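Number of protein chains: 2
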Amino acid sequence: MSARRKVSGLHASESALQNSPEKIISAWVSDQRDDPKIARILDVLSQIGVPVQVVNRARLDSLVEGRNHQGVVLELIMPKELSEGELRSSLDRASKNALYLVLDHIQDPHNFGACLRTADAAGVTGVILTKDQSVGLTPVVAKVASGAAETVPIYRVTNLARTLDLMKESGVWIVGAAGEASSSAYQVDLDMPVALVIGAEGKGMRRLTRDRCDLLVKLPMLGQVESLNLSVATGILLYEINRQRGIF
Amino acid sequence: MSARRKVSGLHASESALQNSPEKIISAWVSDQRDDPKIARILDVLSQIGVPVQVVNRARLDSLVEGRNHQGVVLELIMPKELSEGELRSSLDRASKNALYLVLDHIQDPHNFGACLRTADAAGVTGVILTKDQSVGLTPVVAKVASGAAETVPIYRVTNLARTLDLMKESGVWIVGAAGEASSSAYQVDLDMPVALVIGAEGKGMRRLTRDRCDLLVKLPMLGQVESLNLSVATGILLYEINRQRGIF
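Residue numbers (the numbering used here), protein chains in the order written: chain R, 502 to 749; chain Y, 502 to 749.
Stretch by stretch, here's where chain Y covers chain R in the computed footprint (C-beta under 8 Å, at least three residues):
#1 516-530
#2 607-621
#3 642-650
#4 711-723
#5 729-738
#6 741-749
Worth flagging that the hints you see were computed from the coordinates, not collected in a lab.
Remember, predicted model here, so these are calculated numbers, not experimental data.
Even for Gly, the Cβ is constructed at its ideal location relative to N, Cα and C.
Isolated chain R, as found in the complex (with noise of 0.2 Å):
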């Protein structure tokens, strides 16, 4: 059986019936909401055929742990995380747009969940993660990626190290955001087949990830504190390779 999750909210639940309808298990609305942003979600489930129960406020509740429903919540199956195997296939394809993100073993679920949201938003080709000491796709992240961790690929693979090497010799730039690079990214050229490699929270990249590197770049600080939130990092450095490439 698959893994399954529930997304609750007005924005999750209506990113999910546009981008993943077919994911779409169980529906729950509360008896109380009587107002055309639940009919329009009901109106939608009613034609996917997705079954609905009314329910009372505190069987939602119960549903989701506390966190805010807004009288509707739905049930998916779990997105599947891709394997090194589906990695190898996705290079073979890469073309010189090619754009992955790669996060160094990320431990916040809300960096994680904004930065597949993010992922999305800049059309990456996948969003790869080592299997150890990363945080997982859990009900927050989900709800944080607002239906993006159904539509993103996302490859979890052992070795890092490893993984980094075949995307080289597949032609894939591997560029990683470091504060102390000599370099930022408005002075380098990113105009070619990358992969954007951020580390951990506080920590950074680990030295074997950084050595791999075949380049680096930082944002600039103008400020006085001296680093941004991970997930604000990562969506300046992919807007900055969409535009150097000319995309947008």
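We have chain R already, so just place chain Y on it with the hints.
Here is chain Y on its own, set in the frame of chain R:
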């Protein structure tokens, strides 16, 4: 008496020691920590003359209400929020590179904290918020901001529409972020004094705020989710404005 707040954890404490040592009035350290990071924090506290209490874990836990403290808690005098009068003075001094960030009814403390951290990194002139219906400078905000709550000028105004009019009179362009804008931020010239306006999570700008904008811009979305996390979008836009100005 000024309001006070607590900062906990290694990263936030180091940041407070570096950026606002003059605001630290008390410190508590675990009686079970004996490592270089804590030793360095104790050194600096001793240099700046802040009294340190060595306490047990239960006492530390109670000081921060269960948040993760990593063995160190500092108490700071809260940053002062600035008034509309002080914003007028700031506008009188505004250069052609003036860059204000306007948060229209922001609700989530994590987003607000991440926006402050990003605003500091992007060297903004000031952050502007409304007095009502926006999140305050709570301990969560200050912790996520990683020191930026003490370094970025924060103006709290009663009537945002009036403030935006005042800014326009001072030659500042009001640029609103809106998913439905016809131009992307990469297609317009943002090399002028700018107030970047970001709407509330999920709701966007209020109509009265939007009506004051000289320009609406969007970020290109290449995937299936329809929006970015608020603080990620703010970071991408602030960094793009600085890039266009040739500051980097």
